[in-house]
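So the protein sequences, as listed, match chains A and B.
Here the numbering used here is used: the first residue of the first sequence is 415, the next is one more, and so on.
Here the numbering used here is used: the first residue of the second sequence is 415, the next is one more, and so on.
Hints are not guaranteed to be accurate.
As the list claims (entries may be wrong) - The calculated lysine to aspartate or glutamate pairs, modelled on EDC-like cross-linking and capped at a C-alpha distance of 20 Å, are:
no., chain 1, residue 1, chain 2, residue 2
1, B, 548, A, 538
2, A, 548, B, 538
3, B, 522, B, 438
4, B, 522, B, 538
5, A, 522, A, 491
6, A, 548, A, 538
Hints listed in this document are in silico derivations from the structure and should not be mistaken for laboratory results.
Keep in mind it's a predicted model, so treat the numbers as computed, not measured.
There are 2 protein chains.
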Amino acid sequence: LLLSSYEDRSASGCSQVQLGFRYESREQRFTIYIMQLSNCSALCLPADQNMYVRLAVLPSVRATRCLFRTRGLHPQDVVVINEVFGLQMSHSALRQKTLRVDICNTSKSGHEECLAGSQISLADVSCSEERCTKWYNLLSRLHMSEISNK
Amino acid sequence: LLLSSYEDRSASGCSQVQLGFRYESREQRFTIYIMQLSNCSALCLPADQNMYVRLAVLPSVRATRCLFRTRGLHPQDVVVINEVFGLQMSHSALRQKTLRVDICNTSKSGHEECLAGSQISLADVSCSEERCTKWYNLLSRLHMSEISNK
Chain A
415 LLLSSYEDRS ASGCSQVQLG FRYESREQRF TIYIMQLSNC SALCLPADQN MYVRLAVLPS
475 VRATRCLFRT RGLHPQDVVV INEVFGLQMS HSALRQKTLR VDICNTSKSG HEECLAGSQI
535 SLADVSCSEE RCTKWYNLLS RLHMSEISNK
Chain B
415 LLLSSYEDRS ASGCSQVQLG FRYESREQRF TIYIMQLSNC SALCLPADQN MYVRLAVLPS
475 VRATRCLFRT RGLHPQDVVV INEVFGLQMS HSALRQKTLR VDICNTSKSG HEECLAGSQI
535 SLADVSCSEE RCTKWYNLLS RLHMSEISNK
């Protein structure tokens, strides 16, 4: 029974997050737009719980704030977020970074739990000053553990 | 001392992997080219140990082989790999997947250990039949744990 519901979930598709990126050369400022989530039912969050998006630019440098969390979000099929996170960094340093995006909730014991995430190499972030927008698949934490069993 | 060597490592830049992708619509075949690694010293692998690249297409479907490991590789600054991994899948199914790429080694106790990895959303894999090649930053496992301490 568990396996069949697992297959159903895979068949119904993964959750996705829509992000926008912009790098302004003059101010050496990188802006991340957390735009929306889709197909949130695939996250399997209990109906009465809120979630939020956590961003981290890694590896972090101690002097730079690298972690950002959105407001609490009520799970619906499509969740519009429209929050913005900015950080200051040279373009060459930024291109060595990886952006980790996780959908989290707070457990009853008060711990932060990750439901699903995406990881984005910033090696090819362009300097074009135009905002580039894209949808990224979110990989469930349950599926990450699949590798270690093989 | 540990912190300063950590900062040095961050400053010297991250390791990268060069991958190529191709989707052939007629055969519904997705091919991943594992081309090369650069800046491998940032992986901090002991000099006498070999490493290899592990690929996983996730979430996996039981009927499809989703896991692939390259031959053992001797750590050098640039490591040419040129191995190919293929799998058969409809384009719509493929676009729901995430590719996990990890640089692994085998510990003395015989366990598989991950040194660093990248995760690539396949949401925008094109059907163009042309091979698309790109470098991706590898995030060290050490840096992944930074998030949970904040």
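Hints versus structure:
1. Taken as a hint, the residue 548 (chain B) and residue 538 (chain A) pair is honoured in the structure, with Cα atoms around 9 Å apart against an allowance of 20 Å.
2. With a C-alpha separation of about 9 Å, the suggested pair residue 548 (chain A) and residue 538 (chain B) falls inside the 20 Å cut-off, and the hint holds.
3. Between residue 522 (chain B) and residue 438 (chain B), the direct Cα distance comes to roughly 41 Å. Violation of the 20 Å bound is thereby established for this hinted pair.
4. Distance check on the hinted pair: residue 522 (chain B) and residue 538 (chain B) sit about 40 Å apart at the alpha-carbon level, beyond 20 Å; violated.
5. Annotation: proposed proximity of residue 522 (chain A) to residue 491 (chain A) is violated, straight-line Cα distance about 24 Å (limit 20 Å).
6. Of the pairs offered as hints, the one joining residue 548 (chain A) and residue 538 (chain A) holds, with about 14 Å between alpha carbons and a cut-off of 20 Å not exceeded.
When each numbered hint is compared with the structure, violations occur for hints 3, 4, 5.
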